[in-house]
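Visitor: Chains as they are written, first to last, in the working numbering: chain A, 1 to 162; chain B, 1001 to 1359; chain C, 2001 to 2102.
One or more hints might be untrue.
[Said to hold, decoys possible] Taking beta-carbon pairs under 10 Å as the criterion, some of the chain B residues facing chain A (in silico):
| hint | residue |
| --- | --- |
| 1 | Ala1057 |
| 2 | Ala1194 |
| 3 | Leu1340 |
[Claimed, not checked] Here are the simulated EDC-like pairs of lysine to aspartate or glutamate, each with C-alpha atoms no more than 20 Å apart in a straight line:
| hint | chain 1 | residue 1 | chain 2 | residue 2 |
| --- | --- | --- | --- | --- |
| 4 | A | Lys134 | B | Asp1063 |
| 5 | B | Lys1054 | A | Glu59 |
| 6 | B | Lys1210 | C | Glu2005 |
| 7 | B | Lys1109 | B | Asp1128 |
| 8 | B | Lys1266 | C | Asp2034 |
| 9 | B | Lys1109 | C | Glu2101 |
| 10 | B | Lys1355 | C | Glu2070 |
| 11 | C | Lys2092 | B | Asp1099 |
| 12 | B | Lys1004 | C | Glu2102 |
| 13 | B | Lys1120 | C | Glu2015 |
| 14 | B | Lys1266 | C | Glu2070 |
| 15 | B | Lys1054 | A | Asp56 |
[Said to hold, decoys possible] Far from chain C, some chain B residues (derived; all Cβ distances over 12 Å):
| hint | residue |
| --- | --- |
| 16 | Val1105 |
| 17 | Thr1140 |
| 18 | Tyr1145 |
Simulated from the structure, these hints should not be mistaken for lab results.
For every residue, glycine included, the Cβ atom is placed at its ideal position computed from N, Cα and C.
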Amino acid sequence: MLHVTGIPTKEDVAKVTPSLERLQKGPCAVIECFQKIPCNPCATSCPFGAIERGNDINELPVIDWEVCTGCGICVVNCPGLAIFVVDMSQPDRAAVKLPYEFLPLPKVGDVVTAIGRDGVPLGDAKVLKVQDNKAYDRTRLVWLEVQRDWAMEVRHFSRKES
Amino acid sequence: MERKEIVVVGGGPAGLCAALQAARMGAQVTLLEGDDRLGGQLVKQTHMFFGSQKQHAGTRGVDISTMLVKELEQMPNVEIRTNAMVLGRYEDGALTVDDNDQFKVIYPKKAVFATGASEKMLMFANNDMPGVYGAGAVQTLMNVYGVKPADRVLMVGAGNIGLIVSYQLMQAGVQVAAILDAGPRIGGYLVHAAKIRRAGVPILTRHSIKEAVGTDRVTGAVIVQLDEKWQAIPGTEQTIACDAICLAVGLSPFADLFWQAGCDMKFIPELGGHVPARGQDMQTSVEGIYVAGDVGGIEEASSAMVEGYLAGLNAASALGYGGETVQTQRTELETQLNDLRSGPVGEKIRAGLAKLYAE
Amino acid sequence: MSNHEYDNTIICRCEDISRAELHKWIDQGLTTVDELKRLTRATMGPCQGRTCRQLILQEIASRTGVPISEAKIPTYRQPLRGITLGAIADMKLDEEGKPHEE
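All chains, please: the whole structure from these sequences, using the hints.
Guide: Pasting the structure below:
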């Protein structure tokens, strides 16, 4: 169905979802890359060597969640903007780091509309952090605070009209 | 009349890399570009490139262009001429050039033609109405001239160009009403599709445009669903409001110069149409004419760059440049091309090249 | 598409040639781009066929049943782009009338 709609299915997502146990330990990267294309910046950019692409750059990336720290470097380096960081270490809320390439940027503390993979709004989310530096090359890393059951759902957001 | 060692025609990704490679090996290189600036389509690509580090993966196309051009400009053995349009190639090897409104005749020892591709047009009612654009024109307006092309666009074609331009439109503050594709599946990379989809743009496969609506400019479009045989299903028409229709329905190799030069041509649908026949060294049937990039078969810019390096290497080595490392470098470039083409998304290009190298 | 709803659709924009006009000539036996070009000027405008050549080939193929792979491709001649006569007249020639060597 992803081939027809552009929306990864529940089954697709299940294949790349870390265990709840791992998610509760702290931030880790979720690589939503479901098609074999020639590409490897995720693997070469990871400072911890947590992502493997094998000998063939067409192979899907394989991540070692025990090594991944959830730093987000791969998120801003993925040309497909297909990597997200999910953190469920807090008991009452989750944090999601998203790649973001639209202007104007949100500000810390802003309440934005969290959006799912299908483009449908889920509800409000709070901006925790907007990371930007030269190495990020104009892809910003935006941290959203969301309710826990949205941690594996929120993949985009829109600013509210002020 | 001028005599040159290597003339590269076309300053897009393939041509830039062909010129760079030949110049790095020590050859005297003249790069002719018909436009007023180098970079070709690279300068309109604001997304990070795929591939591996060797093809600058993770760097934005426009920045790759800047890097390549900067290196070329610093080389003493490279001459760059913009606004220099090649008009033809004669049997004695002469290239005629409209060089900034002056008619020039240039005799190269070797030539690399990297003339790129042109956009395919689609037939539908009122397709000549103002507001119907090719995707390339929309990109040029936005990314080269900083002009917002419309307020609400209907994109026709869900290949990589259609998906990428849709994303760029949204970044420019333009609404994308929908992306249509006549095929049963999204043709472009699914990561591009996913990022557009989550931003709320519907992608309608098995849909086509039937008619542009409007009196003197586009105010909407009638779209229609297609069956398995690509025929319109009556009764499924719907009208979409938009002030521009953007066509991204494929590219054709822009091979005029090869035809005119008398190169053997082959019709290979998987490569986008008629392409020049060539050997593994990228040399065409006319001695001394090499091919690189989209004009030899429609592919990604990463492959075009590697083909450029390869054609530049072979042209320069045919003139005695490069020394002992030539074979190692050639093998390395061929390996890069194989890597880029070896996966499932390279299936079509592999089939096309198999036909090309058959006989 | 064999229906008539696209009859008025312009195939060659530079020379303003509609699909119905092309069909009229194809049905009279002009089944190559070269013949159609000589009669209608299709592909002879500023774009030199860049936009319309593929569409014309498709129309010929669908109208005659001969696939594009077997179509006769028109001859490409120099100059491939327009150039002013002035630019050609200004070219420096040597005593033999050949381009002056710089």
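Visitor: Give a verdict on every hint.
Guide: Here is what the structure says about each hint:
1. Ala1057: holds (5 Å)
2. Ala1194: Holds, because the Cβ-Cβ distance from alanine 1194/B to chain A comes to roughly 6 Å (cut-off 10 Å).
3. Leu1340: holds (5 Å)
4. Lys134/A <-> Asp1063/B: Holds: lysine 134/A and aspartate 1063/B sit about 14 Å apart, inside 20 Å.
5. Lys1054/B <-> Glu59/A: holds (17 Å)
6. Lys1210/B <-> Glu2005/C: holds (9 Å)
7. Lys1109/B <-> Asp1128/B: Status violated; Cα separation ~44 Å.
8. Lys1266/B <-> Asp2034/C: holds (19 Å)
9. Lys1109/B <-> Glu2101/C: Status holds; Cα separation ~16 Å.
10. Lys1355/B <-> Glu2070/C: Within the cut-off at roughly 16 Å; holds.
11. Lys2092/C <-> Asp1099/B: With Cα atoms ~14 Å apart, lysine 2092/C and aspartate 1099/B stay inside 20 Å; holds.
12. Lys1004/B <-> Glu2102/C: Holds. Lysine 1004/B to glutamate 2102/C sits at ~11 Å (cutoff 20 Å).
13. Lys1120/B <-> Glu2015/C: Within the cut-off at roughly 18 Å; holds.
14. Lys1266/B <-> Glu2070/C: holds (11 Å)
15. Lys1054/B <-> Asp56/A: holds (14 Å)
16. Val1105: violated (4 Å)
17. Thr1140: holds (15 Å)
18. Tyr1145: Label holds. Min Cβ-Cβ 20 Å, cutoff 12 Å.
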